[in-house]
Amino acid sequence: MLDRIAYFVAMITTAVMALFVSPASARTLDEILKSGVIHVGVNPNLPPLGKYNDKNEVVGFDVDFATEIAKMLGVKLDVVQVGSPDRIPFVTSGKIDMVLGGMTRNPERAKVIDFSAPVHTEALGVLTLEGKPFASWKDLDKPDVTLVQVRGTTPIKFIEDNLKNAKVTLLDNYPDVIRALSQGRGDAMIDVIDYAGEFMAKYPVKWKVLKEPIDVDYDGIGVAKNSTGLKDWLNVAIFSLHRSGKTADIWKKWFGIDMLFPVETTPFF
Amino acid sequence: MGYTLQYGQIWPYLPALLSGAWLSLQIAFLAFCGGLFIGTAGAAFLTFGPIWIARSVRAYVVFFTNTPQLVQIYFLYFALPDVGILLSSYGAVLLGMTINAGAYLVEIQRAGFASRRASEMEAAETLGFTRWQQIRYVILPHIAHTLFPPLSNHYILMTLGTSMAAIFGVEELTGVAFNVNSRTFRSIEVFSVTALIYVLMTLAASTVLALLGRSLFRARMRVI
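If you read the protein sequences in the order shown, they are chains R and S. The opening position of the first sequence corresponds to residue 7 in this note's numbering, with each subsequent residue numbered one higher. The opening position of the second sequence corresponds to residue 1342 in this note's numbering, with each subsequent residue numbered one higher.
No wet-lab data here; the hints were simulated from the structure. C-beta atoms are modelled at their ideal positions from N, C-alpha and C, and glycine is treated no differently. Be aware that one or more of the hints could be misleading.
Claimed, not checked - If we take Cβ atoms under 10 angstroms as the criterion, some of the chain R residues that face chain S in the derived model are:
hint : residue
1    : S90
2    : I119
3    : L135
4    : K138
5    : T159
6    : Q189
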């Protein structure tokens, strides 16, 4: 009798699950306009691009920028929280229509998703502790150096290409990496130091940021490869936001300073 | 749908995945051995020890079987440094899994100890066996046959449980899979291959354990 019930329950569960599994595909611009809502992926662990406020809502540069985009499109904004490793699968599967969260544009990612025109820039720097004997990032290319990085971020490829001797420990997110660095689990982190600023303040250690920025990258909005119309519209929208100075205003509001390396706005994409 | 499966893209990463699988097996094996030691000692103390030791073992078991293993390792890795104990990634994961396994194995072993035969224990006592000799020569060999299936089950669970080590920077199978995924973005391909490797690993482990059980302990177990 009991196994009959178990069998029945299993069948019902499978049937219900099958109903919820829908084929994954990205929405076109028309579908987004028709549905009246746009799903945007924001990483809440990247202050000031995305962070939690007192009411546990996600706020930040990304949210404000996405709000402007949604306003221009005339749809409602739905913020979906993503992390570094899962933001690209979310876009390709259509769970979100577009993703921000410091989406650095590089050829590897461009194989799988499409990028809009650059929204902002990011400068890779070295975060280390006071007392460590490093003057520039090239000093890190030694076998007794341990770098602590976030899984799934762009500096990892950079380290593999340029700092072959250093050891790398990969942790899940920025708060964990900064905590690990403050506990002495590594010598340095190579990443965009602006994002780590808020976490760094939480630990009673003396931080040191090496002056020389390693590289400047362009961050755009990531969209799925077959979403017809959205990327082209985004390029036009971003151009007008840059031109009207709105992007610079939102940046100043969240970062406190102007963009270190401004995005040159050209009318061609 | 627009997404084409491309297994060829992750083929070059297969050796990395397999070396990650080897690390998973290592961690599970070492943690299980440590846990087995704790389990046997704990069960012995529970059955024969003074009441205050028995109560402490009981408290240890209740605490560590009712909290998630992930939280336990998180505590060892991120909270201990605040009081001055800095464990490496591998060390924290191994210690956490050992302590966690120990708690579950105390329970399993205790059931085995409880199934000891009173007549055999009396015979051993009359022959002058010390408590330690009673455990080693009378109890353990006779309960090994009954305990083998639950112990091998737990070992399989631990092999799968090593997947959380990736969160702490240990590049075992799941960690390598995450890395390959963030490099190639072929999530479906990477994780289906990883799942297959896990299935093969646990099947291999169950088969070895089943053969071991049948030959050494006369314990009949199903593999699939």
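Cross-check of the supplied hints:
Checking S90/R against chain S: minimum C-beta separation of about 8 angstroms stays under 10 angstroms; hint holds. Taken as an interface hint, I119/R checks out: its beta carbon lies about 8 angstroms from the nearest beta carbon of chain S, inside 10 angstroms. Evaluation of the L135/R hint against chain S yields a violated restraint, the C-beta minimum of about 14 angstroms exceeding 10 angstroms. With a cut of 10 angstroms, the hint placing K138/R at the interface with chain S is violated, because the nearest CB-to-CB distance is about 17 angstroms.
Using the Cβ-Cβ criterion of 10 angstroms, the hint placing T159/R at the interface with chain S is satisfied: the shortest such distance is roughly 8 angstroms. The beta carbon of Q189/R comes within 4 angstroms of a beta carbon in chain S, closer than 10 angstroms, and the hint placing it at the interface holds.
Violated hints, in rising order: 3, 4; the structure is consistent with all others.
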